[in-house]
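J.: Sequence:
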Amino acid sequence: MTTTDDRIVTAAVRLFVEKGTTQVTISELAQEANVARGTLYRNVGSMDDLFDRVVGEVTADLHRRVSASFATIDDSATRLATGIRMWVRYAHENPQLGRFAVKFGLGEETLRSWMTGPPSSDVDAGVAAGRYQLGEVGVDSVASLVLGATVSAMWMVLEGHQTWREAGSSTAELVLRALGIDAEEAHRIATDPLPVLPATA
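Residues in the sequence shown are numbered consecutively from 3, following the working numbering.
Watch out, some of these pointers could steer you wrong.
[Stated by the list, open to error] Keeping only pairs whose Cα atoms sit at most 25 Å apart, straight-line, the calculated DMTMM-like set for lysine to aspartate or glutamate is:
1) Lys-21 <-> Glu-34
2) Lys-21 <-> Glu-161
3) Lys-21 <-> Asp-50
4) Lys-21 <-> Asp-51
5) Lys-21 <-> Glu-95
6) Lys-21 <-> Asp-8
7) Lys-21 <-> Asp-7
8) Lys-21 <-> Asp-54
9) Lys-21 <-> Glu-59
It should be emphasised that the hints constitute simulated quantities derived from the structure, not laboratory data. For clarity, every value in this text was computed on a predicted model and none was experimentally measured.
All chains, full assembly: derive it from the sequences and hints.
T.: Below, the structure written as structure tokens:
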């Protein structure tokens, strides 16, 4: 993103969180981003698509960085736990974006789809490898469990109830145990040192 794009996205996230809605006006955004309306028209296009665009830019960057951080990790359970913990840490390091995910992660389909995509892939891989014991439970249900638990952990951190390390590790451990991973192994995986999260593009 250009500097102007970054300012627009940052301003849009602030407005979405403060207003509690996915709809903002061109005037509100221009004032919040401190840019001319003409600049917004050139850089944003349709205001109706603004929320989806912001979701795409924010989550695509985070997914790229998280995926790069565990590119050498083959075990699906470790990848899933790492992803959960990275999202929780991200909320701590980027509170505004964390609040954005907490506010809209469960209810807005665009953000929900972005947040459940990679975990679903890791769950699919784990099921195929016999890593998880799901019984008749479908992958979509597991993805919803992962999303709900992760968003709740992010909220705990943002509200000061837990540190990101505590919330991330305990949530990852509980999710792994729910998927049939042995308690001792789940604890080990969920408390292993996290890989380095690469810098944003």
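J.: Going through the numbered hints above, which ones does this structure break? Give me the numbers in ascending order.
T.: Those not satisfied: there are none.
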